[in-house]
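Protein chains in written order, with my numbering: chain A, 621 to 957; chain B, 621 to 957.
Everything labelled a hint here was simulated from the structure, so no lab data went into it.
Keep in mind the model is a prediction, meaning the values are calculated, not measured.
A portion of the hints provided could be inaccurate.
Note that the list lumps identical chains together, so a pair holds whenever it fits in one copy or between two copies.
Said to hold, decoys possible - Once the Cα atoms are required to be at most 25 Å apart in a straight line, the calculated DMTMM-like pairs of lysine to aspartate or glutamate come out as:
(1) 768 - 902
(2) 768 - 692
(3) 701 - 821
(4) 791 - 704
(5) 924 - 909
(6) 791 - 648
(7) 832 - 679
(8) 942 - 692
(9) 735 - 812
(10) 924 - 679
(11) 701 - 825
(12) 768 - 714
(13) 735 - 817
(14) 823 - 648
(15) 768 - 644
(16) 823 - 692
(17) 924 - 650
(18) 832 - 704
(19) 791 - 714
There are 2 protein chains.
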Amino acid sequence: MTTATNNRQFRLVRRPQGAVQAADFTFDAEALRALQDGEVLVQVQYISLDPAMRGWMNESKESYMPPVALGDVMRAITAGKVVDSKHPGFAAGDYVTGLLGVQEYAYSNGQGLTKVNPALAPLPLFLGALGMPGLTAYFGLLDVGQPKAGDTVVVSGAAGAVGALVGQIAKIHGARVIGIAGGADKVRYLTEELGFDAAIDYKSDDMAQALKTLAPQGVDVFFDNVGGAILDTVLMNLAHGARIVLCGAISQYNNQQAMQGPANYLQLLVKRATMRGVMVADYYPRAMEAISAMGGWIAAGQLKTREHVVTGMETFPDTFNKLFTGENNGKLVLKVA
Amino acid sequence: MTTATNNRQFRLVRRPQGAVQAADFTFDAEALRALQDGEVLVQVQYISLDPAMRGWMNESKESYMPPVALGDVMRAITAGKVVDSKHPGFAAGDYVTGLLGVQEYAYSNGQGLTKVNPALAPLPLFLGALGMPGLTAYFGLLDVGQPKAGDTVVVSGAAGAVGALVGQIAKIHGARVIGIAGGADKVRYLTEELGFDAAIDYKSDDMAQALKTLAPQGVDVFFDNVGGAILDTVLMNLAHGARIVLCGAISQYNNQQAMQGPANYLQLLVKRATMRGVMVADYYPRAMEAISAMGGWIAAGQLKTREHVVTGMETFPDTFNKLFTGENNGKLVLKVA
């Protein structure tokens, strides 16, 4: 049971043009209602802010998920506590993750909810290394990228939620790892704290030159979160038989012009290389494999995680934009209360 | 021995801008010289005109072969007859194929020369279905594209040397085949003569609409020779797990602007699709596998070939340009004499 009577929610009311603005949403409270049979009521405590959400705000039907309809609560992955349940599978006090949206409370029929144990790890970690970004990094790198010991692995968006994990998992598998990120602080974080072999600051370094110097034999695996000029530069530096793991293109999501395609894509031909997409939902049946591996590495001190927690759901539009300006440091999470 | 004393040659003297012009070459005769030990002299009879040659004329070092140096005989795959030999592996009267260039006679140390038997097939066929385009089609489709029976296979440049073979090999393997080509004649050729299930005229049809209608379940395998708008359109119509075989991008080779990259490449992510390049040289060790399969299908009437033979080496620049204007019908070959 909860004593709250109101539920504050961000509803999408306008398709953003470029960066998200506060006026693209309403932020109002609606009254909580009585729970129906088969339902649970979850108090949302943490809201995961992920680049993919920007795509969900667009009209396009050409994505892997339908767009958020105008008037609907903004879709987001969340972690929270069951405060009331008329569902046999959940009891008040359970902790869960799921697509419950940018709101304080959510009703659910239990579909898509995953119970998590907050004694094992802080709740935000289930939105990061032990959640969707963790699965994306683990299966994208190992299943699609297939790095071998001694390979040169490059990851873009390397200080982000997925990228930081990718680089560390690649190191654990014996690869040489080069991160691409924006700014001296991130470069330092990657090389000094996470153990990357090298990092390139795309904002100040000559990327093409740096890549040639750091990867003279070419790039065996490129895990791309960014797209645009970074993808084109790495394409010109592939090793024979390279694998490019397409995870995202954050440089393009706020674009108001047409998407910039990789002009150098014929290097895939010259280098007999492969470009393949990774979609985390395909790996949900194997989630436990990733979570136990990641959990073990975290416990052993081999994998470091960093959550960037911003408190106050009301800051949602501004905080979300940090993903695109690069102001986030680690997995960006909104703490509701 | 030959009684000829002169060798007419096309030498590249200027990097073409856009379409090739006659003034990009010199066309002069040089005297034949005495044969040295270990050499053969080949009378070039047929010169294969292939889109890749346009790339070899550019300065860029980012290709799979070095550019043709200014002043050098233009590189080309040819078929011809050994007219003199001081090489133990070849005798006068042998027929060979190899990279002998746009010239009437060529000296060779035998490296890269392949003996062919003109009793088995007309010589130009060894530059087409039984040569490089045949290997490209066979291994690109079967090894990289991996079509299954019932798959929908789309091929661009479908009336070209490689495309026409790809579509027919896919049919032999039980796929549904849709060709993309320019003009009503080519569409008719593909559907009425080669047995394609359907063909789209990119010059007059609404490609996106036609693809949606003809491939309502999406495209399982796309063999791309063209790039540009055609690649972007097919990317929007992929089936789950689709394979894109990158073979070329003829729409872009004469470009004087930057290469147009596929703006819709993130569909690879949405559809868990793969884009991979095929480079025929990788398959030379397995050439006999393709040639015997293709030869068998030709003999059985399952595979039709068409060579577009233009007589007169002196027409080289103009004839070469037919590849890019789409004026060729089938494998374009220049007959020297």
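- Message: Output the indices of the hints that this structure fails to meet, ascending.
- Response: Violated: hints 2, 3, 4, 6, 9, 10, 11, 12, 13, 14, 15, 16, 17, 18 and 19.
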